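Trainee: The primary structure of each chain is shown beneath.
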Amino acid sequence: MTAVETLWNGLVAFVFYYPLFMSFLWMTGAALFWWRFERHEAPWDRPVPLRGAPPVSVLIPCFNEADNAEETLGHALAIDHPEFEVVAIDDGSTDGTPAILDRLAARHPRLRVVHLAENQGKAMALQAGALLARHEILVCIDGDALLDRHAAHWLVRHFVECPEVAAVTGNPRIRNRSTLLGRVQVGEFSSLVGIIKRAQRFFGRIFTVSGVITAFRKSAVHGVGYWSADVLTEDIDITWKLHRAGWDVRFEPNALTWILMPETLRGLWKQRLRWAMGGAQVLLKNLDALIRPGQRFLWPLLLEMCASLTWAYAMLLLAVMWLLGLALPAGLMPDVGSPLSPQGCGVLLGATCLLQFAFSAWLDGRHDRGLARNLFWMIWFPVAFWAISCAATVAAYPKVIARGRGARARWVSPDRGIRPD
Amino acid sequence: MSCSLIIDARRQLRWHERLLSDASTAILWSGWLWLCLPLLRAYASLAQLGPRLSPALPDLLALGSEDVLGQSVVALIGASGTLMAWNRLPARRARAAPALSPREQAQYFELPEQELRAGREAAVVVVHHDAQGRIVRLEQRALCAHAEDRAA
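Sequence order for the protein chains is A and B. Just so you know, we're using the numbering used here here: the first sequence kicks off at 37 and counts up by one. Just so you know, we're using the numbering used here here: the second sequence kicks off at 187 and counts up by one.
Be aware that a few hints might be false.
[Stated by the list, open to error] Computed Cβ-Cβ distance ranges for the label pairs, DEER-style:
id	chain 1	residue 1	chain 2	residue 2	range
1	B	320	A	75	46 to 56 angstroms
2	B	309	A	185	15 to 25 angstroms
3	B	197	A	366	45 to 55 angstroms
4	A	198	B	322	36 to 46 angstroms
5	B	293	A	198	27 to 37 angstroms
6	B	307	A	391	52 to 62 angstroms
It should be emphasised that the hints constitute simulated quantities derived from the structure, not laboratory data. A quick note: this is a predicted structure, and the numbers were derived from the prediction, not measured. Think of the CB as a built atom: it goes at the ideal place given N, C-alpha and C, for glycine as much as any other residue.
Produce the complete structure using the sequences and hints provided.
Mentor: Right under this line is the structure:
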């Protein structure tokens, strides 16, 4: 066997084995997390009362959220916590959001409104909210997210238990389940987000908090210079800043928030590309941690990010080689089977995806009843969603390198799915 | 609570959209189960049929062989153990200091402390930034008695 053939076979094996191995590793980590942290927990809707629970400020950045603001604020104002305030930050909205917020502030004494004179982006909105918040614990959610009434309790207990905790991220659950895309994402959020966060927390460090629900210790965020205004995913960036400063970042599966996700292909692509670009920005920004022994606790995460990036480009290479092999005369290209259609080993990959979803449905079923019904739609996951994630990763890096650093990140939420008439 | 928050407006989709997603998903399942058939048949009658059923079968059987399965389990346990051990290596730890005071925050943002304190007491505040994104002014705004009417 020539060196080229050996290299080629190695690449093919990597493309197949890497996702398979990671899937089983995540399931193992999630199972261990459940065994250690969740097994004896009180039911999520009947938490054990906390002694000396600190007051919290719920920060809600809103940009053109006229359709959602009232519902979001209604849920935030109804949380079960002894002392709290809700700070709605209007990020220079051009629709009816400012008037809605002012009207609600007149009605609810716990609600305060911060208007940014001009649109500044989510990171800057959070920064302004943190500046004007009265309390040390900040619970940050998005302008279209509905906070569960017990969420603050589950988040806050980590800050009470441990002074090394700087952030605790919650468990986002998807509300809109009308289309195929919506239903597949419901499964994706359980089988990927829920399982990976559990596994990462058990094995080491969490790659990112969920921007849609995370509680922060204000002094820790202040210490790392607040949220960066020039990254597309301020949540990934702040997580890494806190890790690098030596803080603990945790995942709390019982802290729920109900969110809206895109239900069109265009909206989904825009969202995934932004996530991939944000991840790329953070990887490039933090790559230097690999040569700093003091930051070695981040090495597994960095290696995983590098491996995932390599996997995406290797997959692209195999797909191109396969297509060229179809187009060119026989013998010119190595004999490559289709990396896009499930044959042979692909059956195992599909089965692993379904197993991962079934496991996650068991883990998160108590928070989200009827989750297992989505198994029917999850057959799409190994086909469509891997292709979208792979394509987004491949597209993201050139874009990030071309974009450079320092440009202010401003974005508009993609479509929020179909709303009932 | 969760049930009432779920939005399932599938009936609002046009009939052909519903049919397309249902049918394509059913086809994917059929395709996947069809690909699994050789494996199921092979386990049912491995001795008689051998790996002649499908070109995919040798791959699947090789993956399920004791050697590969054993190696995979060892790799999984090894990786899990390594990660857990790695996480226990000594590392720099940050600890919570006393809660952040308005003075410290005012100094960081180069704002008058009184302005910040007043802003925290106000129900409505307007924040002004300069071109570089630095906060330059906090302006208190009184709650308009007719805000509700205006919004309506």
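Trainee: Now tell me, hint by hint, if it's right for this structure.
Mentor: Verification of the hints:
no.	hint	in the structure
1	320/B <-> 75/A: 46 to 56 angstroms	49 angstroms, holds
2	309/B <-> 185/A: 15 to 25 angstroms	23 angstroms, holds
3	197/B <-> 366/A: 45 to 55 angstroms	52 angstroms, holds
4	198/A <-> 322/B: 36 to 46 angstroms	37 angstroms, holds
5	293/B <-> 198/A: 27 to 37 angstroms	28 angstroms, holds
6	307/B <-> 391/A: 52 to 62 angstroms	55 angstroms, holds
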